[in-house]
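Novice: Each chain, letter by letter, is given below.
4 protein chains.
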Amino acid sequence: MPLDEGQKREIAEARGQSATTRRPTVPALEEILFEPLPVLDHGFVRVVDYMGDDAAVVQAARVSYGRGTKRVSEDKGLINYLMRHRHTTPFEMCEIKFHVKLPIFVARQWIRHRTANVNEYSARYSILDNEFYLPARAQLAAQSAVNRQGRGEVLEGADADRVLDLLKRDSEQAYADYAWMLNEDEKGEAADPARSGLARELARMNLTLNFYTQWYWKTDLFNLMHFLSLRADSHAQYEIRVYAEAMLDVLKRWVPMTHDAFVDYRMGGYSLSAKALAAVKLMIDGKPLDQKASGLSAREWRELMAALGRE
Amino acid sequence: MPLDEGQKREIAEARGQSATTRRPTVPALEEILFEPLPVLDHGFVRVVDYMGDDAAVVQAARVSYGRGTKRVSEDKGLINYLMRHRHTTPFEMCEIKFHVKLPIFVARQWIRHRTANVNEYSARYSILDNEFYLPARAQLAAQSAVNRQGRGEVLEGADADRVLDLLKRDSEQAYADYAWMLNEDEKGEAADPARSGLARELARMNLTLNFYTQWYWKTDLFNLMHFLSLRADSHAQYEIRVYAEAMLDVLKRWVPMTHDAFVDYRMGGYSLSAKALAAVKLMIDGKPLDQKASGLSAREWRELMAALGRE
Amino acid sequence: MPLDEGQKREIAEARGQSATTRRPTVPALEEILFEPLPVLDHGFVRVVDYMGDDAAVVQAARVSYGRGTKRVSEDKGLINYLMRHRHTTPFEMCEIKFHVKLPIFVARQWIRHRTANVNEYSARYSILDNEFYLPARAQLAAQSAVNRQGRGEVLEGADADRVLDLLKRDSEQAYADYAWMLNEDEKGEAADPARSGLARELARMNLTLNFYTQWYWKTDLFNLMHFLSLRADSHAQYEIRVYAEAMLDVLKRWVPMTHDAFVDYRMGGYSLSAKALAAVKLMIDGKPLDQKASGLSAREWRELMAALGRE
Amino acid sequence: MPLDEGQKREIAEARGQSATTRRPTVPALEEILFEPLPVLDHGFVRVVDYMGDDAAVVQAARVSYGRGTKRVSEDKGLINYLMRHRHTTPFEMCEIKFHVKLPIFVARQWIRHRTANVNEYSARYSILDNEFYLPARAQLAAQSAVNRQGRGEVLEGADADRVLDLLKRDSEQAYADYAWMLNEDEKGEAADPARSGLARELARMNLTLNFYTQWYWKTDLFNLMHFLSLRADSHAQYEIRVYAEAMLDVLKRWVPMTHDAFVDYRMGGYSLSAKALAAVKLMIDGKPLDQKASGLSAREWRELMAALGRE
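Chains as they are written, first to last, in this note's numbering: chain Y, 1468 to 1778; chain A, 1468 to 1778; chain H, 1468 to 1778; chain W, 1468 to 1778.
Treat the hints with care, since some could be wrong.
[Stated by the list, open to error] Quick list of in silico lysine to aspartate or glutamate cross-link-like pairs, EDC-like style, CA-CA up to 20 Å:
| id | chain 1 | residue 1 | chain 2 | residue 2 |
| --- | --- | --- | --- | --- |
| 1 | A | Lys1748 | W | Glu1770 |
| 2 | Y | Lys1742 | Y | Asp1716 |
| 3 | H | Lys1748 | Y | Asp1752 |
| 4 | A | Lys1719 | A | Asp1542 |
| 5 | H | Lys1543 | Y | Glu1770 |
| 6 | W | Lys1742 | A | Asp1727 |
| 7 | H | Lys1537 | H | Asp1727 |
| 8 | H | Lys1754 | H | Asp1727 |
| 9 | Y | Lys1748 | H | Glu1770 |
| 10 | A | Lys1759 | W | Glu1541 |
| 11 | H | Lys1654 | H | Glu1770 |
| 12 | A | Lys1654 | A | Asp1628 |
| 13 | H | Lys1537 | W | Glu1620 |
| 14 | H | Lys1537 | W | Glu1472 |
[Unchecked claim] Label pairs and their calculated CB-CB ranges:
| id | chain 1 | residue 1 | chain 2 | residue 2 | range |
| --- | --- | --- | --- | --- | --- |
| 15 | H | Glu1712 | A | Ser1593 | 24 to 32 Å |
| 16 | H | Glu1712 | A | Asp1700 | 39 to 47 Å |
| 17 | Y | Gly1753 | H | His1552 | 51 to 59 Å |
| 18 | H | Lys1754 | Y | Ser1540 | 25 to 33 Å |
| 19 | A | Glu1639 | H | Arg1769 | 39 to 47 Å |
| 20 | Y | Ala1495 | A | Arg1615 | 44 to 52 Å |
| 21 | H | Ser1764 | Y | Arg1636 | 54 to 62 Å |
| 22 | Y | Ala1495 | A | Glu1480 | 17 to 25 Å |
| 23 | W | Gly1624 | A | Asp1700 | 53 to 61 Å |
| 24 | A | Arg1629 | H | Glu1712 | 53 to 61 Å |
| 25 | H | Asp1471 | W | Pro1469 | 25 to 33 Å |
| 26 | W | Ser1593 | Y | Leu1470 | 32 to 40 Å |
It is worth saying that the hints were derived from the structure and are not from the lab.
We put the CB at the ideal spot given by N, CA and C, even for glycine.
Next comes chain Y alone, as it looks inside the complex (with noise of 0.2 Å):
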């Protein structure tokens, strides 16, 4: 993640700076506001501005005229009930804006959360830095041979090197060509005065998609759990999960009481189809119960006795 002396110095200058507000303010959040928390090898996310706190879902939900926040343990009471029975509209109420840094591929990945605002770096207008993403060496995993979605073994030795090398070096070669194409020097001017760059927004085809573009992305608190729940899961890619994990510290930061709940309801829940219940309740019976019998799929199965806990 290396901000250059410039980027420092502009962030430093944003944190520096204070007002006085009659808004619901988040100290825990303040703390890092605008600060780059690392991702990868050269992303980041950082919080760029807020809206709310946990107060403000309890209000929304009372359509209060003050803070409409009562004691802790009612306010906390309500926030297990409205995030229990899916009630979405209060979350709502809250808001969140982030600049992240992420590789093209996980930017792929992330745009099909729609419910969002996105302003992304335009690399038709302007150019991209070289740099590209290269997986540290426990992420180099191989394809998996049970899961066409997911991750094997992690390669060793020779091969691993071999990937590395071969990543490493189609990026500095789609680099080159890309910046020998563009033809600009520093000062935006022709590098080699005696040909013409090609357009910006032809160029960057160029480029593997393991490079790093950027965006500001805005959402509210129901969306940006709504993402954190398939995105912070062990099924969703590492190099996108690592992102969700550290906007779920943020989010404990920012609303604790909200954060807690989604964690009890949401990660840490399970979702029984009307047949798991079923064989679920014969289970608590004590009665003999396999695949076959409960008419779940060989698949369904599994993944229930995995849920809880029985191999």
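Based on the hints, put chains A, H and W in the right spot on chain Y.
Specialist: Below, chains A, H and W without anything else, positioned relative to chain Y:
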């Protein structure tokens, strides 16, 4: 807009609080934060929270590390450019939350704007107050003879008296029967212990559409402007337009540069069709032109002439 | 559901037409196309158009060139998999359009589901019919004593009579005055030429919330199921639930595989929180457990026990 | 657009099917249903399904029981009126679904339009084909000197050769290494049994942004026109504009009345700001006027003069 003592105290308390924040803050908006701005006979709009300012628009457009602003003239030029070319995403990076009290028939128009978050006071769960909208005499318009969707001249004398009487009488009757069916006293106990009260979710159906409801309504700056462009327009129904006008004043306090660009490019502008553009070209060249020759329909021609101030 | 002769003829004509298409077609749905399915005393739901079928879900999931389906068992397995793992996008590839006639207070609940396209009959532009909802006696429920959002026992005898009388009387009075204020005869001319009619956009405010409105409502299969999971649920208000139930039958005709998966995984399922999952594990192991020890709130414990059929 | 034999056969089969339907059907669109319309060197757009027609717009606007159409001239007038006054909901009542094959950098621009349903081919789950975009020589534009977001003159001779060589070489190298890392033969088995293949979700990051992806993309008529107004515009990047142009032809086949209104009021129209409107009024009155006096910025003045055809 008769707030009761408890509500006044809650608002005063909220206004009395203040905290230090690193976030962008807008003093002109803080000034009126939480204050109900009266609209119609019992309604109001009040800003409950906000996120971002003019600089945040600029910052997002530049995907910058710091505040992103440069000289005032450059920021203003950029905002004008974004507005003119209908770039929407940078304006989506600011957010505002209102608490609105409004007649149900206005709420039904309002809710058509789907790109917003809404939390409405629930008449399924709670009891609505005895407050309904009665038009001021100046607003008691007859049906327009030429425009099925518009208002004509104002009713006067006995006709106006009679309409106001009917509206008042029916509203009062509806509420009295609503209350009787609920059969609840102020403590939520049976007013008449000899009988059961009708379920709230049923009793509410007896209220007329001029009763007041209230909600929290949160939207981003782009969608707020879209709402205002339709609802602060002269073709909008008066009863929703007055809300939009109050919010236009809020816009001016909040993001003055964006407000000015909005007024210039949207509110005060005019969209020419291809045929209208051709007609304007001919008119500039001093060519004689009438509706027939223009290829415009009678109605479009009239609208164009009105926009050009040629009666 | 008293359709007039003109409406019946229009529907019959639409049903009488037929054309040849290369598009996926669902005979079981074609059978009832355009037919009003009666709901409540004057309402209906009717399917006006649709796009896609079960195979279209499979086709989109596979991004295939042809119809994309394989053997029935494979298609069914894929649809179950998509439903279980909450993949939403393939289900978004089917679309359905309804024409619905419904009381205004039901419309106000319904419209909270924002991810749909709506075109409502405009009482600003047109005149509403004299049709209002009166609950059947079996639906005349008292307020629940334990659940502020629910219904208790059914009112009976004189209490029920009185409520129905009030609802009927107020609705009739409201409409009579609405009509008087409008002052329009059937040809749209002044009923009483000596006075002007009040603008339609104003007069409508005198109607009660049980008057019927109607709209075209179009949504995709995923959002339809989301709507049904909330509104065909036993906690939904009866007056909207009956609409959802009629639409659930439509779902079964339209996409039977998706319908079955929906009923198994959503309607009949149950979501365990982390704490509830832990409790279930203990129960399966035959460990003694009560609410206190489970860490669940009294209410959650009650809900869990109910779901597990342990009174 | 090299479809393989299997794909051709699948499409032919889909085209060969036909069924009887009561739904509105558009013969001109049926004609090309499922057929790939070639775009760029390997891409295509093909219509996979549709719902509604011009009459459905009219029907929704009238919330009618039958087809809702009257005389052609009245329907056309209504559609023009809806377009002119920016009524969006009736146009949202039609839906269309495309299968699109497009370079990844185009897909990244496209996806910014959020009001659509998308199902993309997953490179996490499957293997991408060896197909990448190479611009035709006529499209090999230099960076514009005046517009940071635009193209200048076309590169020629050796410069053009060199750029094409680099693009081709880097793409081929990227794919060769992608394939080597995957280590899968055509049957999905290890090409080199002595080593494990890298997980697909990782290997894909080595591809350049000109590789082709594909998706199902479904949207309503209103949002399709919004997309086309931005992407069939002369300021759009060529590589996405050609897709939009192919879809504009589809629009004409599907909803000819709406298409014509769209071309007149949107594509060929021009939006005047308040200041530009004032300037136009002065020009019509024959008053002398220059940029300074108009209050318009230099750029706005230039754009206005261009729109008015005054160089």
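Novice: Each hint: holds or not?
Specialist: To see whether the hints hold, each was checked on the structure:
| no. | hint | verdict |
| --- | --- | --- |
| 1 | Lys1748(A) / Glu1770(W) | holds, 14 Å |
| 2 | Lys1742(Y) / Asp1716(Y) | violated, 36 Å |
| 3 | Lys1748(H) / Asp1752(Y) | holds, 12 Å |
| 4 | Lys1719(A) / Asp1542(A) | holds, 16 Å |
| 5 | Lys1543(H) / Glu1770(Y) | holds, 19 Å |
| 6 | Lys1742(W) / Asp1727(A) | holds, 12 Å |
| 7 | Lys1537(H) / Asp1727(H) | holds, 19 Å |
| 8 | Lys1754(H) / Asp1727(H) | violated, 35 Å |
| 9 | Lys1748(Y) / Glu1770(H) | holds, 14 Å |
| 10 | Lys1759(A) / Glu1541(W) | holds, 18 Å |
| 11 | Lys1654(H) / Glu1770(H) | violated, 58 Å |
| 12 | Lys1654(A) / Asp1628(A) | violated, 38 Å |
| 13 | Lys1537(H) / Glu1620(W) | violated, 51 Å |
| 14 | Lys1537(H) / Glu1472(W) | holds, 18 Å |
| 15 | Glu1712(H) / Ser1593(A): 24 to 32 Å | holds, 27 Å |
| 16 | Glu1712(H) / Asp1700(A): 39 to 47 Å | holds, 41 Å |
| 17 | Gly1753(Y) / His1552(H): 51 to 59 Å | violated, 31 Å |
| 18 | Lys1754(H) / Ser1540(Y): 25 to 33 Å | holds, 28 Å |
| 19 | Glu1639(A) / Arg1769(H): 39 to 47 Å | holds, 42 Å |
| 20 | Ala1495(Y) / Arg1615(A): 44 to 52 Å | violated, 57 Å |
| 21 | Ser1764(H) / Arg1636(Y): 54 to 62 Å | holds, 58 Å |
| 22 | Ala1495(Y) / Glu1480(A): 17 to 25 Å | holds, 23 Å |
| 23 | Gly1624(W) / Asp1700(A): 53 to 61 Å | holds, 56 Å |
| 24 | Arg1629(A) / Glu1712(H): 53 to 61 Å | violated, 44 Å |
| 25 | Asp1471(H) / Pro1469(W): 25 to 33 Å | violated, 59 Å |
| 26 | Ser1593(W) / Leu1470(Y): 32 to 40 Å | holds, 37 Å |
Hints 2, 8, 11, 12, 13, 17, 20, 24, 25 from the earlier list are contradicted by this structure; the remaining hints agree with it.
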